[in-house]
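*Asks:* Going down the list, the sequences are from chains A and B.
Mapping to the numbering used here: the first sequence position 221 is 221, numbers consecutive.
Mapping to the numbering used here: the second sequence position 43 is 1043, numbers consecutive.
FYI, nobody ran anything at the bench for these hints, they're computed from the structure.
Keep in mind that a hint or two might mislead.
[Said to hold, decoys possible] So the derived list for chain B, only partly shown, Cβ under 7 angstroms to chain A, looks like this:
hint	residue
1	Y1074
2	A1076
3	G1208
4	I1209
5	H1295
6	C1299
7	A1302
8	R1309
9	A1312
Note that the structure is a prediction, hence the values are computed from the model and not measured.
Cβ atoms here follow ideal geometry from the backbone N, Cα and C, with glycine treated the same way.
The chain contents come next:
2 protein chains.
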Amino acid sequence: MVKTIEWVNGKVRMLDQSRLPVSVSYVTCKDYIKVAEGIKKLWIRGAPAIGIAAAMGVALGAQKIKANNFERFYKALQPVFSAILSTRPTAVNIEWAVNRLKNLLMSNRNLSIPKLKSLLIEEANKILVEDIEINKAIGRWGAQFIKDGDTVITHCNAGSLATGGYGTATAPMRVAVEQGKKIKVIADETRPVLQGARLTAWELMKDGIPVTLITDNSAAALMKRGEINLAIVGTDRTARNGDVANKIGTYSLAILCKEHGIPFYVAAPLSSIDFSIPSGEFIPIEERNGKEVTHISGCRIAPHGVKVRNLAFDVTPAKYVTAIITEKGAFSPKDLHKLQRSNTGLNSIRIKQKGPCRWK
Amino acid sequence: MVKTIEWVNGKVRMLDQSRLPVSVSYVTCKDYIKVAEGIKKLWIRGAPAIGIAAAMGVALGAQKIKANNFERFYKALQPVFSAILSTRPTAVNIEWAVNRLKNLLMSNRNLSIPKLKSLLIEEANKILVEDIEINKAIGRWGAQFIKDGDTVITHCNAGSLATGGYGTATAPMRVAVEQGKKIKVIADETRPVLQGARLTAWELMKDGIPVTLITDNSAAALMKRGEINLAIVGTDRTARNGDVANKIGTYSLAILCKEHGIPFYVAAPLSSIDFSIPSGEFIPIEERNGKEVTHISGCRIAPHGVKVRNLAFDVTPAKYVTAIITEKGAFSPKDLHKLQRSNTGLNSIRIKQKGPCRWK
């Protein structure tokens, strides 16, 4: 499996996904500014992956700080936090990762600065390793919803490239394949940045999982023909009530699923669930440069000066979501709030998953 | 208004729409083979426009035929008919135009061959002139559904470029503007061939009608925000029961409209209504080369060898259609069959439009 991001010799090495599938090239970031640039410019993207990048960016920023006590060290970290937090607004994983490192520092403020610097590197790497384990757990919980012979539609890329590895939305597909189920995947190309065409199709082909590429506007026609059995997508931020922010077009896909009686699943690591907000209305939606719509691979495909709306994400209300698949089980959106973490971290989850398959 | 197609000095001159908006260039077709190539390669597209092109192609093909009696002349026209009819399967206008010329010839078989040749040219030009008048009538019937301040969404291009002029779906918008209503248009970019981005945005900007370009997958998010009041699209073939074949993504847009309580109108000249088929199931749906999806402006945007489904059209069941706007009035899809033409042409329509606004 391709490595999306890793810490190598005191630097952060990331696959430049903006060049896929035409070229497989890597960027080595020597400072946090470069990591922030990578997140903004979509060299790395996908909620879990940019969470990892955020943590590594902070760890990288910390290494160069010269400070002889905790207060000065922490103060010097503020511009690093700000730069990383201001990269992209919608995915909660950036905030989640930065907060995790802040909490780590606060709990270890008695340690020496060199020790704290190493601790940040360790924690960033731990987030990466945990992420893969979390995805595998999502895969095990999610595979129950995929039957032998099913065709799964997915939108954007919530695959290994969007994560430390294995993927969120792709994890149930990978586990289903490991279980010997014969499945097919339909990848929405996902305009404007074409993550489905460039990334999902590429990584599934590499892994030998049969994938068919379609334009986003073809999904309904295939559903009507009975060619799609279920949908699984990722999420950039899911609210406490189960409203799901994800790549633009997800809401549309969910409506089409409802209209055709097709179950619609969201693969959501707990790090992407924002228990602090009651509903999707509170999720900030990034609007990106219109040039992403008017130009493809540098070629202009629309008139000079045309007005563009380029919403990068949309919010799918919980009522369209069959189940949210987390590393702790698959839950009806209305039960999601029961998973709410205490302040001390993920281990304090008190709710138990009752059974494996409560949703059609 | 730009001229999509015209008969000039014994040749057919068409705007090469595949190069828009980057370049405005024309192709001069000296024979019917070139006209057929133009239809296949989308130099000219849009159901009414390719109906006109089909008629001009047949007229052009007829000019070179050496025959001294009607039977030989008509027999020599067969390969011309076949070449034109086999260009694209979904739009009924090609068949409609060819049949119109065939009927004309049959009714005038006593005339001399030179006279028949001129008659074909006259008839092709008449189809062009009539088309513009028909569109203006559609505009007058359709404008009643657009209120001052409304934002209209449209898909693909059913504008002046898709017709002899004025457009079908754009006609109500143009009339609304002429009536002094302040309106805005949202143009779906319409993957894969991007007719919305390249053509609709271009022609509306040229005409000073405010237009905003979006990716196809953004429509639902804007509807949820209350930013869209109604949809008007064109059609390539509408069945007797009101099922509407149109550019891929139309069905999706119709479902999204239903889900958000937004009226969904189809602008359909009678030439695009196929009274010979009972429902949309009988409409042949063209599947085009996957390269339209994997390559944009010659640049590859998907992995080598990826499997693609490229349905060029979809069928929107009549139940999603608020009204079908023809040159004879706007009708509920279930009343459409009452418009059925007799064999003698359009003048025999006996149904009267009862009132201007029977649908929300």
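*Asks:* Which earlier hints can't be squared with this structure?
*Replies:* 1, 2, 3, 4, 5, 9
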